Each structure stands twice: as C-alpha cells, then as structure tokens.
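*Asks:* Residue numbers (this note's numbering), protein chains in the order written: chain A, 1 to 312; chain B, 1 to 99.
What the hints contain is simulated information worked out from the structure, not anything from laboratory work.
Fair warning: this is a prediction, and the values are worked out from it, not measured in the lab.
Backbone N, C-alpha and C define an ideal beta-carbon position, used for all residues, glycine too.
Treat the hints with care, as some may be off.
[To be verified] Per the computed footprint, the stretches of chain A lying under chain B, defined by three or more beta-carbons under 8 Å from a beta-carbon of chain B, are: (1) 51-61; (2) 172-182; (3) 186-193; (4) 244-258.
[Claimed, not checked] Just the calculated beta-carbon pair ranges, DEER-fashion: (5) B:Thr82 x A:Glu29: 18 to 28 Å; (6) B:Pro91 x A:Glu27: 37 to 47 Å; (7) B:Thr77 x A:Val143: 17 to 27 Å.
Now for the letters of each chain:
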Amino acid sequence: MTSLHAVEPFPALGSTAALVLTDPGAEAEALEVLLDEIDQLDLACSRFRDDSELYRLNASSGRRPVQVSRLLLEAVQQALRAARLTDGRVDPTVGRALEVAGYDRDFAALAPDGPPVEFAVRPVPGWRCVAVDTAQSTIALPVGVHLDLGATAKALGADRAARRIAERTGVGVLVGLGGDIAVAGPAPDAGWPVRITEDHAAPLDGPGPVVAIRDGGLATSSTSVRRWRRGGRSVHHLIDPATSLPAEERWRLVSVAAASCLDANIASCAAIVMGEGAPGWLVRLGLPARLVPPGGAPVTVAGWPSEVPTCC
Amino acid sequence: MRRERVRDDGLLRLSTSTRLLAAGAFVSAGVFSVGVAKAFPGHSAAASPATSATPTTAAPATAAGDGGSATYQAPQTLTPPTAPPQPVYNPPVVSSGGS
Chain A
1 MTSLHAVEPF PALGSTAALV LTDPGAEAEA LEVLLDEIDQ LDLACSRFRD
51 DSELYRLNAS SGRRPVQVSR LLLEAVQQAL RAARLTDGRV DPTVGRALEV
101 AGYDRDFAAL APDGPPVEFA VRPVPGWRCV AVDTAQSTIA LPVGVHLDLG
151 ATAKALGADR AARRIAERTG VGVLVGLGGD IAVAGPAPDA GWPVRITEDH
201 AAPLDGPGPV VAIRDGGLAT SSTSVRRWRR GGRSVHHLID PATSLPAEER
251 WRLVSVAAAS CLDANIASCA AIVMGEGAPG WLVRLGLPAR LVPPGGAPVT
301 VAGWPSEVPT CC
Chain B
1 MRRERVRDDG LLRLSTSTRL LAAGAFVSAG VFSVGVAKAF PGHSAAASPA
51 TSATPTTAAP ATAAGDGGSA TYQAPQTLTP PTAPPQPVYN PPVVSSGGS
C-alpha cells in the first residue's frame, strides 16, 4: 500500500494550499514548483493586487487592448470556455457585480457587515464582449466591464501545478488550492482520499464523506463560506450572471469530479447557479457529483457514491 | 418591294430590341442576386450555435469572446474522469470544500 506524504497546508491565494505526494523525497522540488505556480497565478489573476495583470486589465476597460502574459491569456481563455460550456452560467464578466455586492477587496480585508448596497437586477455584460487576440496576446474589455477569474483561476492553477510537479518529479501528486483538488502522476493504490466538507479549511477529522479519486480533479462550490452582510442582508460570492445578484440557494454545496480540476470547478459553480436543473445537466455530461440542498439530504448523480446515513 | 423592306426593317428592330432586353434582364438578375446575397448572408447548420434553455456542450465555430482565436485548443466539453470517485474508509489527506 502506498504511503502518502502530506505537506503542512499553508495560506495562498486568499485561501489554503495543500500538497500531498506519494514520495516524501520529492517534497522540496514539488514545493518549489507549487510556490512558483501560486506566485505566477497571483500576479496574473488577482482582482485585488494593484500590481497584478488582471487589475491593470480591469482598470483599462474601454481603452486600447492590453498586452498580457501567456498565463493571464490562458486564464481568460479558460474563463471564456467555462462561460461557453455553461451557457453563461459561469461568466468572468461578473467583476462589477461582485464589487457592487461589496466584494471589492481581498476577502480577509472585507468588512463582515456594512451599509446596504444598491443591487441592480440586470444581466452582467456577458463573456462575448471580451475580445481576446491570441496572436497578439492582447485582451480588450468594453468600458465598465471588469473580469473576475475566481471561478476558474485556482482550479487552473491546481491543474497546472500538479501536472508540472508530476512531470518534474515522476511521483504521484495531489495539489489543493482553496479546496479545488488536482491529481497527476501515478495514483496511490487506493486512490487519493478526499473529505467533502462545507469549508475546505475544516479539520480533516470533521464531518463529511470521504471519497477516493484516481485522476483528474475534484472541486466543491459552496454558498456557505465566503459570505458577508450588507444592510442586514446576507450575500455570497457566487453571482448569477443573469441577474448580477448572488445565486439563489437551491444547493448550498456541490462537489463534482472531472478529468481536470478546472472542469470539475466549472461544473460545480454552474450547478449552484443553475439550481433545479443541475442534477440532470450533470448526468447528461456524465460528471459524478454530490449536491446538498439547504437543510436537506445530499443528492448524488452519475456514479458518485451514494451515502448511507451514519448518525442521527 | 418597298413593303418587304419595311417589314424586314421592322423585324430587324424587333430582333435587336429582344436581344437588348434579354441582355439587360441577365445583367439585372446578376446584380440583384449579389445584392440579396450581401444583404442576407447564409450560414451552415454545423457552424451555427444553437440557443437552448438548458446548457449545451456544443461550441460555436467562432465565438465572439474568443476573438477569433485560431490556435487555442481546449476540450469542447466538460470531460468526466476515467472513473467516478469511490467510497473509501482510509483517513483523508485533504478536504474539498467551499473557499
């Protein structure tokens, strides 16, 4: 049986990074790659750092196309792909809507409560207005359009880091960024055991089922964490692009397994926004998933193991 | 003799008029066709993205948001894992949850 070596989780990208290896001897090399990937991702995709590329891009909306790095180009292209594959349920042009809702700085610096905000119920500008020129490596945003890559960038980073570490060290690796899990290289005999929890930072011995994955990725989206209050109203960070409001909470927790962490995270975010139709959509795509309604029992689809109640 | 000449002249004028009319109609039809083609450009069924009430995995041949990218390659669907997650009783090494 393969023994697994887990590096102590550490803060990264406004959440937590996790690294697990099938060979402890690869730790130093793997950690170097992971830290490099995190640094690059933060510098390219942070909405809050005033020295990030995304910050500069958002500040340039309505002006000339902005030259961007290959990483931001890839991150934006993947965000647009997410929008296309979900009929706009996961749309990067929710940046302004998040700002209006009060999420305009790093979450740790966000006041947990504040005065009322004026929500305007209208669709976000929409992903089709983002002009990407791959050959010139430029992106142009119409005036007033701000991108948020929160639904895709961490998962993309987890995939990239896991792949790079496996290629460089040859060992099996699991990378977790804010609860978005990517695995690469030779899997342990029994797979990678992952606990499904409300909050990815919860203790490993907390509540929630444990499942094993062997390849690709697993992601969980939740409306229970990353919440704040404005004018006495509780809001969360998963914006419905059709209304610019926090998505209705038909599901409070959705976990999805896919061939990549990115695809898993796109599907889990889309399922929260989609609401009632999500289980059927996930079945049609063949994506194993677990959906938990507020105050209800989990629903599992497309091969996700069903659960037997274990306690009262 | 004179009546025959008048008749021949008349037939010649009629023939010339008919030819001119036919040529004019041909040119007019061509011009009209080009105008219509430009005003109502066609599209193939394969390249048209369908709008549906539920999300689809089909990608349009050219997506506005991609800026006409010709080199970018990505899976055109959300891809399932090779095997679904399995229940396991080993202690977990990591948590997947909201962040």
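*Asks:* Could one say that the CB atoms of threonine 82 of chain B and glutamate 29 of chain A fall in the range 18 to 28 Å?
*Replies:* Holds - the Cβ-Cβ distance for threonine 82 of chain B and glutamate 29 of chain A, about 27 Å, lies within 18 to 28 Å.
*Asks:* Are there three or more residues in the segment 172-182 of chain A whose C-beta lies closer than 8 Å to some C-beta of chain B?
*Replies:* Since 6 is at least three, the answer is holds.
*Asks:* Assuming the hint says 17 to 27 Å, is it satisfied by the Cβ distance from threonine 77 of chain B to valine 143 of chain A or not?
*Replies:* Because 33 Å falls outside the window, the suggested range is violated.
*Asks:* Within the assertion that chain B covers the segment 51-61 of chain A, do at least three residues meet a Cβ-to-Cβ distance smaller than 8 Å?
*Replies:* violated (count 0)
*Asks:* Can you take a look at whether the segment 186-193 of chain A is actually covered by chain B? Rule is 3+ residues, C-beta closer than 8 Å.
*Replies:* Answer holds; 4 residues pass the 8 Å Cβ test.
*Asks:* Taking 8 Å as the C-beta cutoff, is the stated coverage of the segment 244-258 of chain A by chain B satisfied by three or more residues?
*Replies:* holds (count 4)
*Asks:* Could one say that the CB atoms of proline 91 of chain B and glutamate 27 of chain A fall in the range 37 to 47 Å?
*Replies:* 20 Å, violated
In this structure, the earlier hints numbered 1, 6 and 7 are contradicted, and the remaining ones agree with it.
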